[in-house]
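Participant: So the sequences go chain by chain: A and B.
In this text, residue positions in the first sequence follow this note's numbering: the first is 16, and each later residue adds one.
In this text, residue positions in the second sequence follow this note's numbering: the first is 16, and each later residue adds one.
Hint data in this document are derived by calculation from the structure and do not stem from the laboratory.
Be a bit skeptical, because a hint or two may be false.
For identical chains, the list gives no copy identity; a pair is met inside one copy or between any two copies.
Simulated pairs of lysine to any residue, SDA-like, Cα-Cα distance not exceeding 20 angstroms [unchecked claim]:
1. Lys290 x Leu254
2. Lys185 x Thr297
3. Lys290 x Glu160
4. Lys18 x Ser91
5. Lys223 x Asp198
6. Lys287 x Ala71
7. Lys92 x Val325
8. Lys70 x Phe286
9. Lys287 x Tyr267
10. Lys231 x Ala71
11. Lys290 x Asn250
12. Lys18 x Glu41
13. Lys202 x Arg322
14. Lys290 x Asn253
15. Lys290 x Phe153
16. Lys290 x Phe255
There are 2 protein chains.
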Amino acid sequence: MVKSKNILITKYFEGEPKESDFKLVEEELPPLKDGEIRTEGIAWSVDPYMRVYLKAFGMPLNEPMFGGQVAKVIESKNPDYKVGDVVYGHIGWRTHTNVNIEIAKKEQTGFYKLPDFQGLPYTHALGALGMPGNTAYFGFLRICEPKEGETVVVSGAAGAVGSLVGQIAKIKGCRVIGIAGSDEKAKWLKQELKFDEVINYKTDDIAKKLKEAAPKGVDCYFDNVGGTISSSVLNQMNLFGRISVCGSISAYNADEKTFPQAPIIQPAMVFKQLKMEGFVVTRWQNEWSVGIEQNLKWIKEGKLKARETVTEGFENMPKAFIEMLRGKNFGKAVIVASKLPK
Amino acid sequence: MVKSKNILITKYFEGEPKESDFKLVEEELPPLKDGEIRTEGIAWSVDPYMRVYLKAFGMPLNEPMFGGQVAKVIESKNPDYKVGDVVYGHIGWRTHTNVNIEIAKKEQTGFYKLPDFQGLPYTHALGALGMPGNTAYFGFLRICEPKEGETVVVSGAAGAVGSLVGQIAKIKGCRVIGIAGSDEKAKWLKQELKFDEVINYKTDDIAKKLKEAAPKGVDCYFDNVGGTISSSVLNQMNLFGRISVCGSISAYNADEKTFPQAPIIQPAMVFKQLKMEGFVVTRWQNEWSVGIEQNLKWIKEGKLKARETVTEGFENMPKAFIEMLRGKNFGKAVIVASKLPK
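Extracted from the complex, chain A is given alone in its bound form (with noise of 0.2 angstroms):
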């Protein structure tokens, strides 16, 4: 008999999420059908859409949260699963699951086994190695199309997605400045990740600081956070300059009635003829490896470095999660077991 520990959610987000939104509940899990395969984690994600997606999707309530998790298979009524194998899925936050594979893989952001990591940590499938690895890959390549030369600002800067950004940024060629919460953060995106400069956007005057340390304009912008920050960057865009807005972390916590204003965006538009855009990972996931294997040689070979920021215990799931929207995290944010299944 097994039993998983599952981490429901218990109501929609108000305002910045709580400890007592999330209850932890224990589930026996019934005996695996054929075609099935029962998994244990090993590591789990938070990440910022987590947010607003379950009052946007419309998910349950008083089910497990939903995100991803790297688990390893511990029984096997599959063929193609044998126990041992680690695997990637979007099967929520709880500790054991039984998986019926072609629902799984039905989910956007898939399910799918490991390709082999070349040493690297299996928590970089959450991360360099997963979503935020191919939203910073494709979201920044394909939509920004940046050139050599070129000045590229990346909001959420120490994010994830941005510290990823901002070093394939500098791998293209490009001047890159980042904007993050932190003069540590700062510190660590200039001294380890050569970003040119990094503007401190709850200390720095944002306008100021963009324009001496983008002197000849801004042509790429990958947006985290949108608001006030993004206006601010978009008045100092060159011409034809392209914008990826990958999230808007800035409006996460509000709901409706609070929803924030800021400076209009469209004169900028207009007069640099800028192109923006904003995506979900998921468009690209055809040609998921193709970014993964990217991410993983560029790894290997040091020119991409993935820090995690790692909290121990899937009990402290909801902790983690908070303090990551509270931007506590350098890099991306996991939760390991304390007990590795063997």
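For chain A, the structure is supplied; the task is to place chain B on it using the hints.
Facilitator: Chain B alone, transformed into the frame defined by chain A:
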């Protein structure tokens, strides 16, 4: 001896332009040099872009206000032009002009002999068969890429560009919803131009009315106004919707201190994976005749109506400009000479 009446711009606008920002003067034209022609104005254009480009482009003060006119050649020392030819030129608010063709052609919006308008009025060279016509043609078709059966929203719908965009969208088999500023405009757009629905942004609840008018959501948005109205439209767009940003009239009277705020658009951009592009019509100057010829054909076929709001008398240009910015015009605002050149 030929005298020109010129309307000078004497100061950068603050808030709404005033008649006192302009000054009517007389200028004695020097004799023609070889290669030059002398023109006499037939009709002049007032356009929303004039409100913002003056300062944005640092145009000189105490010079004739910039803008396009239709004029007749009354004297020529250039073998390519003969007396009686009718030209379009971006040569400013002046009745008579010694034109150096080479310099005039370098102006972004050009200088050229009018093609055969097949009996249509010359004033159309300032509207449906000129810059606004191509703004509608290229700016809508190339950026929005509308498909038959899709729902199109156009703001500034009763203006020179908006009224054409809506009709072109109808020609392409789309459902068309206009946003305009009076019931009289709404009536005109629905009854004469066959828009499917029109929202009066001054009296209607835009979000509510749009939900009723676009039950299947919005696929394309041609944006002349920016700001709160546009944020509202974006929230009702469909997956992979396209937004063509032509202008942001709602912000044209704002200065840096009163720069308007609006609900941020990044959440909609991401969730619906929208593409937004701002443009200036001169990007299509190498294809200029393509748009003009198509619009001419549609007008002759009765598919495109090119209404104009005509003010008589060159000296009334400032007033006509101010009234156009206040939205008094239906379709294109033009000024015609009280006395036509022989």
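Participant: For each hint, tell me whether it holds in the structure or not.
Facilitator: Comparing the hints with the structure gives:
In this assembly of identical chains, Lys290 and Leu254 lie within 20 angstroms of each other by CA distance both inside one copy and across copies; the values are 10 angstroms within and 17 angstroms between. Taking the closest pair of Cα atoms, Lys185 and Thr297 never come within 20 angstroms of each other, the shortest separation being 25 angstroms inside a single copy and 34 angstroms across copies. With identical chains, the CA atoms of Lys290 and Glu160 are at most 20 angstroms apart both within one copy (11 angstroms) and between copies (15 angstroms). Taking the shortest Cα distances, Lys18 and Ser91 sit within 20 angstroms of each other inside one copy (16 angstroms), while across copies they are farther apart (95 angstroms).
In this assembly of identical chains, the alpha carbons of Lys223 and Asp198 lie at most 20 angstroms apart only when taken from the same copy (17 angstroms versus 45 angstroms across copies). Taking the shortest alpha-carbon separations for Lys287 and Ala71, only the inter-copy value of 11 angstroms comes in at or below 20 angstroms, while the best intra-copy value is 33 angstroms. With identical chains, the CA atoms of Lys92 and Val325 are never at most 20 angstroms apart, being 32 angstroms at best within one copy and 80 angstroms at best between copies. Proximity of Lys70 and Phe286 under a CA criterion of 20 angstroms is satisfied inter-copy only: 12 angstroms between copies versus 36 angstroms inside one chain copy.
Taking the shortest Cα distances, Lys287 and Tyr267 sit within 20 angstroms of each other only across copies (16 angstroms), while inside one copy they are farther apart (28 angstroms). Within a single copy, Lys231 and Ala71 get their C-alpha atoms only as close as 39 angstroms, which misses the 20 angstroms cut-off; across copies the closest is 18 angstroms, which meets it. Proximity of Lys290 to Asn250 under the C-alpha cut-off of 20 angstroms is found in both arrangements, the shortest distances being 13 angstroms within a copy and 19 angstroms between copies. When the C-alpha separation of Lys18 and Glu41 is checked against a cutoff of 20 angstroms, the pair qualifies only within one copy, where the shortest distance is 6 angstroms, while the shortest distance between copies is 93 angstroms.
When the C-alpha separation of Lys202 and Arg322 is checked against a cutoff of 20 angstroms, the pair qualifies only within one copy, where the shortest distance is 14 angstroms, while the shortest distance between copies is 61 angstroms. In this assembly of identical chains, the alpha carbons of Lys290 and Asn253 lie at most 20 angstroms apart whether taken from the same copy (11 angstroms) or from different copies (18 angstroms). Both within a single protomer and between protomers do Lys290 and Phe153 lie at most 20 angstroms apart by alpha-carbon distance, with minima of 16 angstroms and 16 angstroms respectively. Both within a single protomer and between protomers do Lys290 and Phe255 lie at most 20 angstroms apart by alpha-carbon distance, with minima of 7 angstroms and 14 angstroms respectively.
Hints 2, 7, counting from the list given before, are not met by this structure.
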